[in-house]
Amino acid sequence: MKHHPTSAKFPSNARTALADPVLQGALRNLKKGFPVKRAEVVADLPEFEALRDVARDIKDHTLNHLDAYLEIYEANVVRSGGQVHWARTAEEACETVMTICRDAGARIVTKGKSMVAEEIGLNAYLDTRGIERVETDLGEYIIQLRDEPPSHIIVPAVHVTKEQIGETFRAAHNGLDPNRDLSEAREITDEARDRLRQKFFAAEVGITGANFLVAENGSSIIVTNEGNGDLTQTLAKVHIVVASLEKLVPTMEDAMAVLRLLARSSTGQEFSVYTTVSNGPRRPADLDGPESYHVVLVDNGRTAMLGTENQDMLRCIRCAACMNHCPVYSAVGGHAYGWVYPGPMGAVLTPSLIGIENSGHLPHASTFCGQCEQVCPMKIPLTKMMRHYRNQAYASGHGSKISRIALGMWSYLATHPGLYRRVMKIVARGLRWFAGRRGSLSRVPLAGGWTEMRDLPAPEGETFMERYRRERGRGPGQ
Amino acid sequence: MSAAREQILSGIRKALGRGPLDETGLAPIRQRLQGHSRHIIPARVNLDAEGLVELFISKARGVSATVEAVADMAAVPQAVARYLTQENLPARLVQAPGLADMDWSLAPTIAARSGLAEEPDEVGLTPAVAGVAETGTLLLTSGPETPTTLNFVPPTHIVVLRRDQIVGAYEDAWDRLRVNTLLAGRQPRAANFITGPSRTGDIEQKIQIGVHGPLRLHIVIVEC
Chain A
3 MKHHPTSAKF PSNARTALAD PVLQGALRNL KKGFPVKRAE VVADLPEFEA LRDVARDIKD
63 HTLNHLDAYL EIYEANVVRS GGQVHWARTA EEACETVMTI CRDAGARIVT KGKSMVAEEI
123 GLNAYLDTRG IERVETDLGE YIIQLRDEPP SHIIVPAVHV TKEQIGETFR AAHNGLDPNR
183 DLSEAREITD EARDRLRQKF FAAEVGITGA NFLVAENGSS IIVTNEGNGD LTQTLAKVHI
243 VVASLEKLVP TMEDAMAVLR LLARSSTGQE FSVYTTVSNG PRRPADLDGP ESYHVVLVDN
303 GRTAMLGTEN QDMLRCIRCA ACMNHCPVYS AVGGHAYGWV YPGPMGAVLT PSLIGIENSG
363 HLPHASTFCG QCEQVCPMKI PLTKMMRHYR NQAYASGHGS KISRIALGMW SYLATHPGLY
423 RRVMKIVARG LRWFAGRRGS LSRVPLAGGW TEMRDLPAPE GETFMERYRR ERGRGPGQ
Chain B
16 MSAAREQILS GIRKALGRGP LDETGLAPIR QRLQGHSRHI IPARVNLDAE GLVELFISKA
76 RGVSATVEAV ADMAAVPQAV ARYLTQENLP ARLVQAPGLA DMDWSLAPTI AARSGLAEEP
136 DEVGLTPAVA GVAETGTLLL TSGPETPTTL NFVPPTHIVV LRRDQIVGAY EDAWDRLRVN
196 TLLAGRQPRA ANFITGPSRT GDIEQKIQIG VHGPLRLHIV IVEC
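Heads up: the protein sequence lines correspond to chains A and B, in order. Per the numbering used here: the first sequence ends with 480, consecutive numbering throughout. Per the numbering used here: the second sequence ends with 239, consecutive numbering throughout.
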């Protein structure tokens with residue numbers, strides 16, 4: 003099934019998510035998990051902050067010389083016996099993958115977790131062309147059986163409970179004892195291992211993404227914990243790497259500097275279990291490994307981001323720290339964002355890739371608390387970029403009429419200080435009077451969206467300027 | 016699809032507001048690629064050889080690997096036999112062809128075969144290029160002597176690591192590989208940094224050890 007973007011419906015998606023008790027339980031788990039582990043391992047690496055600057059500079063340098071590094075990278079892939087295919091669009095990328103699969107006579111294709119594959123719609127593309135596609139990351143496998151899109155870029159099935167997974171497996175895995183125990187994660191994991199084993203050995207083609215492409219030697223690097231990516235690429239006859247242009251780094255030393263940030267920021271591990279550097283097909287005397295190695299380099303909107311205010315987003319290494327720490331993501335989960343990339347990185351990347359007209363609400367899905375920027379290993383100015391999209395959405399006439407009128411009034415007030423002070427005096431006293439003894443308001447004109455789910459604490463009755471004058475009158479030091 | 020290639024490259028240049036880099040523009044890039052200059056290396060690896068071994072062992076245990084040290088290569092077969100008994104595993108293994116001079120007559124209960132791993136092989140035995148103390152990570156490479164399937168197919172992976180192979184940082188390990196690569200004239204197809212047995216948190220974020228890769232990673236450190 004193809005999952006169409008529903009980002010434009012963020013408000014109604016969010017409402018559904020807030021009313022879903024299963025999802026809310028999963029999100030509470032998430033909040034207690036990754037951020038806590040991240041804080042522990044970051045505290046254990048005093049160099050972490052300095053490495054963030056290093057990592058930002060590595061990516062900035064690469065992006066500013068991207069054409070040169072891509073050419074060097076390509077030459078080195080060819081030197082190691084592999085092939086590079088360039089794809090301008092999602093469609094071109096999918097066609098290229100399909101052509102390679104057809105040439106390999108593929109019936110079964112195993113696939114490691116790849117966000118860019120989700121982005122280009124590769125799954126639906128293969129499924130509708132007679133390929134049996136098997137997701138091999140446990141989380142991806144679960145949501146493939148449930149025909150759902152991922153709701154998190156690291157733990158794609160974070161919204162599913164183990165009871166639901168047990169039911170899904172019972173329905174999907176024929177030929178097993180229907181009364182078998184699937185109540186615990188252990189049994190579920192073992193059953194998935196057994197099932198997927200057969201597929202790893204049967205597949206003609208294995209597809210993985212890439213966390214890094216290394217110009218120095220033409221290698222691709224994937225970072226995983228389960229070992230599925232390694233079985234996918236080692237056991238199939240053909241290994242296809244699908245990677246977007248900005249995965250490039252110049253050297254192994256550059257990759258290692260960023261790797262020190264990746265797992266720590268992502269799952270709170272010091273290092274992922276498997277960091278695999280792949281370089282071309284099997285060598286003549288090798289006993290195993292793929293016979294051919296292809297890289298599909300995907301642009302799909304990246305070059306259009308270069309040289310613009312969106313370029314910083316191309317530093318993103320898809321660690322998910324921003325969403326793991328985001329109060330909005332923690333409240334509504336990933337599906338509400340309506341496309342492949344959720345959370346703060348999605349709120350910036352989605353409009354860059356599918357256009358603000360298809361994702362108008364996402365840059366508003368933030369309280370601007372700035373927590374995402376604090377934890378972003380690549381120092382991407384996420385809130386600044388969301389603000390840029392908010393401006394753009396306003397300028398092009400998006401948003402409700404009421405909010406536009408309110409914003410217009412606000413901007414007039416905010417640029418006329420005398421009037422602002424007079425109006426605020428009235429508003430502060432008025433709200434206090436309306437709130438009465440409760441000290442909070444459950445309904446405020448023009449702010450229905452805000453007060454629908456919560457009360458507005460009423461002002462004290464005095465404006466900041468009034469208080470400032472009064473306090474300053476007392477003189478310094480008091 | 017060379018039209019796509021040309022269009023992407025020219026799109027990048029247009030976005031960056033310049034044409035293709037000339038020799039002067041390419042010089043710093045070539046220098047960077049050849050210089051292999053390192054970024055910040057964590058101070059935790061500023062230790063003597065003894066300290067690095069200790070750090071490696073404690074980090075590897077921290078990610079659920081098991082570690083034991085033996086005096087010399089001749090002691091490895093018996094150590095492996097003891098481990099398999101203790102874990103209640105069959106006394107059969109597949110070893111990397113690179114370990115062919117291992118003397119299994121010292122552990123006569125073990126049936127050892129050399130080659131790649133297939134289903135339903137239970138135990139894989141391999142050497143490593145290096146052990147990285149920084150995070151208790153092993154570096155293994157593919158090759159005729161060291162098939163990659165041994166690292167991933169059997170549910171138990173035993174690695175023989177010489178004490179003098181333990182280094183501080185990932186960069187140190189990669190430098191060892193670069194030296195080997197220069198001698199062989201080519202980079203291996205795969206280089207695997209392995210940090211503990213396979214794991215997942217995909218089910219309600221509870222960590223399960225042993226998914227598609229090995230359930231057990233046992234490291235035998237050989238003193239000399």
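Rather than coming from a laboratory, the hints here were simulated on the basis of the structure. Keep in mind that this is a model prediction, so the values were computed, not measured. One or more of the hints may lead you astray.
To be verified - With a Cα cut of at most 25 Å, we get these calculated DMTMM-like pairs of lysine to aspartate or glutamate: (1) A/LYS39 <-> B/GLU134; (2) B/LYS29 <-> A/GLU94; (3) B/LYS221 <-> A/GLU94; (4) A/LYS239 <-> B/GLU134.
Notebook entry, point to check: Does B/LYS29 pair with A/GLU94 here, judged by a C-alpha cut-off of 25 Å?
Noted result: holds (22 Å)
Check: Does the structure keep A/LYS239 and B/GLU134 at a Cα separation of 25 Å or less?
Finding: holds (17 Å)
Checklist line | Hinted pair B/LYS221 and A/GLU94, Cα distance within 25 Å | finding: violated (39 Å)
Checklist line | 25 Å limit on alpha-carbon distance, applied to hinted pair A/LYS39 and B/GLU134 | finding: Judged against 25 Å, a Cα distance of about 36 Å means the pair is violated.
Going through the hint list in order, the structure does not satisfy hints 1 and 3.
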